[in-house]
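Enquirer: Each chain, letter by letter, is given below.
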Amino acid sequence: MKRIINTKKFVFFLIITGCWFQIVAKDVTGKLTFTKSADFVMLAYFTEDHSLSKKTVQVDQKAKKFSKKLVVGNTSAEVVFKNGDSVSHNIFAKDTKADVTFDVGLMSPGKDSKIKIDWNKDLIIRIGCKIHPKMRSYIANIDSAFHTIVELEKKKKEVEFSLKDVPDKLTKLRIWFPKYDTVDVEIKVGTTSEVDIKRNGKLYGKILLKR
Amino acid sequence: MVKQVFFIFIVCVFNSGLVFCEDEKIGVPDRDDIEYPDDDAPSKEEVQLGKMLYFDTRLSLKKNQSCATCHNPELGFGDGLKFSLGTMGGKVGRNAPHIYNLAWNSLFFWDGRAGSLEEQALGPIQAAGEMNMPLDKVIERLKKVKFYRDGFEKVYKDKKIESKNIGKAIAAFERTIIVDNTPFDKYMKGDKDAMSPSAVNGMKLFKGKANCTKCHSGPNFTDNSFHNIGVKGDDIGRQKLVKDATMKGAFKVPGLRNVLLTAPYMHDGSLSTLEEVIKFYNRGGDNKANLSKEMKPLKLTDKEIMDLVSFLGSLTQQLDIKRPKIPKDD
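Chains A and B, in that order, give the protein sequences. For the first sequence, our numbering assigns the number 1 to the initial residue and increments by one for each residue that follows. For the second sequence, our numbering assigns the number 1001 to the initial residue and increments by one for each residue that follows.
Note that these hints are calculated values from the structure, not bench results. Any given hint might turn out to be false.
What the hints assert, rightly or not - Straight line, CA to CA, 25 Å or less: simulated DSS-like cross-link-like pairs of lysine-lysine:
(1) A:LYS36 <-> B:LYS1164
(2) B:LYS1243 <-> A:LYS94
(3) A:LYS202 <-> B:LYS1154
(4) A:LYS82 <-> B:LYS1025
(5) B:LYS1243 <-> A:LYS65
(6) A:LYS65 <-> B:LYS1207
(7) B:LYS1293 <-> A:LYS82
(8) A:LYS134 <-> B:LYS1240
(9) A:LYS111 <-> B:LYS1293
(10) B:LYS1025 <-> A:LYS62
(11) B:LYS1063 <-> B:LYS1146
(12) B:LYS1154 <-> A:LYS65
(13) B:LYS1160 <-> A:LYS82
(14) B:LYS1137 <-> A:LYS198
(15) A:LYS36 <-> B:LYS1044
(16) B:LYS1209 <-> A:LYS65
(17) A:LYS31 <-> A:LYS97
(18) A:LYS155 <-> B:LYS1025
(19) A:LYS62 <-> B:LYS1204
(20) A:LYS111 <-> B:LYS1296
(21) B:LYS1091 <-> B:LYS1062
(22) B:LYS1240 <-> A:LYS202
(23) A:LYS65 <-> B:LYS1296
(24) B:LYS1232 <-> B:LYS1082
(25) A:LYS111 <-> B:LYS1288
(26) B:LYS1091 <-> A:LYS97
(27) B:LYS1164 <-> A:LYS97
(28) B:LYS1293 <-> A:LYS114
(29) A:LYS36 <-> A:LYS68
Produce the complete structure using the sequences and hints provided.
Expert: As structure tokens, this is what we get:
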């Protein structure tokens, strides 16, 4: 009887550890190392996946800042802008690269407004406030459920991130920064990769990826 | 039950107060927060080159004006005039803004039409009503001077005296004009005797009843926003660039470090003293058309106005900027 219990425990242990190893194996981890100051935000996503379906994305404004440095949604998703601040704001986009222009008008404290993501997939647009030009945030049109957003701080030069439970078949990872060149890298199970963070051919840091 | 509801109410009020106060912060500027082009602070040589250009009258058509004519270090980096004079003798349309702590700024000129200090630096040189000097003529003149030929070669890899590098050098110098050791800064760092009791009270009013930090917030006392504060006149300001009704008559919120030295005030230089400025805000502006929602009568007493002036005085730090000896043509 005692042996049966121990066997059961052992099988349970195997199942648990097996699951754990499976999860670990499916994670992709990364480390950003900036040689100078860190960028504003980073978005990493597997481009082969198309399973994201977000109907609504929310962006608030507080203390003359957007509540999030970057949000993602797929085509036709609604972006709801809130003004949780004590001053008026006026969100707009005038992204000539992406050919996206909108202006939600003056938003008094407590008001909200919305737009639809109607620009091309894989384009990331910058939004700002007409009254407070230092405010900025980004909206990405992506349909990959396997993505991560890392909000960066200028003085924090080393940052780790991970993408959880990524299916083995996804290998093409795109890493986007506002200031630096976009990096496309292939990362297969059991491999590591180191890529440069560059702008105008100049090196600004490294990304170490493990899977 | 009543006690619990009251407790929750107090917690909510307290927390909302914290959120409210979040954008009201004022403090000491952090030099590590300066965003240099390409993340690199300029070299001493680049700053020196920029300083020479800043004070050199070769940059104006009639060789009678430099950047320092309208942004004069002895006059709070302004010129003390309501409207500056251009090289041809005519008046410029707006008051010369000071250049203190522009290293942290994002948009330049009263209407924010320049997106970088480099771009801004080249604007008045070329403007017909200001220095009226085409950039190719500036380059021609600078090439005749050994100091500039050697200086540009040493600082810039492409070795060229070109407009881009002239803008970079002047901007590099301007980013060194930093005020961060005023009585207010000393007070914030713990020296509680650095400010007078009147100035301390003025600071409380600045953050509270006087509503100043709605826009004059952050370590440089500006959130870099644009507002129509009700100055009389027909200058459309920011609306010339941003075609929006809210931007009609809106101008950039200027930083207030060394504000005591930068009179006269407002984009049209229409107010001569800080007392006049605070009284202007106290009555909620003069022109109510298209007035910013942040403007409202403040009901400040004379004593409170005096305290606010004292506080603004505590943002003063005299900078010792020595004029360089301008090199002669070869």
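Enquirer: Holds or violated: are the alpha carbons of A:LYS36 and B:LYS1164 at most 25 Å from each other?
Expert: 24 Å, holds
Enquirer: With the threshold set at 25 Å, check whether the alpha-carbon distance from B:LYS1293 to A:LYS82 stays at or below it.
Expert: Status holds; Cα separation ~18 Å.
Enquirer: Is B:LYS1137 close enough to A:LYS198, meaning Cα to Cα at most 25 Å?
Expert: 36 Å, violated
Enquirer: Given the hinted pair B:LYS1091 and A:LYS97, is their alpha-carbon gap at most 25 Å?
Expert: Roughly 39 Å between the alpha carbons, so the hint for B:LYS1091 and A:LYS97 is violated.
Enquirer: Under the criterion that the straight-line Cα-Cα distance not exceed 25 Å, is the pair B:LYS1209, A:LYS65 satisfied?
Expert: Holds. B:LYS1209 to A:LYS65 sits at ~23 Å (cutoff 25 Å).
Enquirer: Please verify whether B:LYS1232 and B:LYS1082 have alpha carbons no more than 25 Å apart.
Expert: Distance ~15 Å between B:LYS1232 and B:LYS1082 Cα, so the pair holds.
Enquirer: Tell me if the straight-line CA distance from B:LYS1240 to A:LYS202 falls inside 25 Å.
Expert: Not satisfied, since the Cα-Cα distance of roughly 37 Å exceeds 25 Å.
Enquirer: Hinted pair, alpha-carbon criterion (25 Å max): A:LYS111, B:LYS1288. Please report holds or violated.
Expert: With a Cα-Cα distance of about 23 Å, the restraint between A:LYS111 and B:LYS1288 holds, given a limit of 25 Å.
Enquirer: Below or equal to 25 Å on CA atoms is what counts here, so check A:LYS111 against B:LYS1296.
Expert: 20 Å, holds
Enquirer: Take the C-alpha atoms of B:LYS1243 and A:LYS65, compute the straight-line distance between them, and say whether it is at most 25 Å.
Expert: 23 Å, holds
Enquirer: Does the structure keep A:LYS65 and B:LYS1207 at a Cα separation of 25 Å or less?
Expert: 19 Å, holds
Enquirer: Holds or violated: A:LYS82 with B:LYS1025, Cα cutoff 25 Å?
Expert: Distance ~22 Å between A:LYS82 and B:LYS1025 Cα, so the pair holds.
Violated hints for the displayed structure, listed by number in ascending order: 12, 13, 14, 17, 22 and 26.
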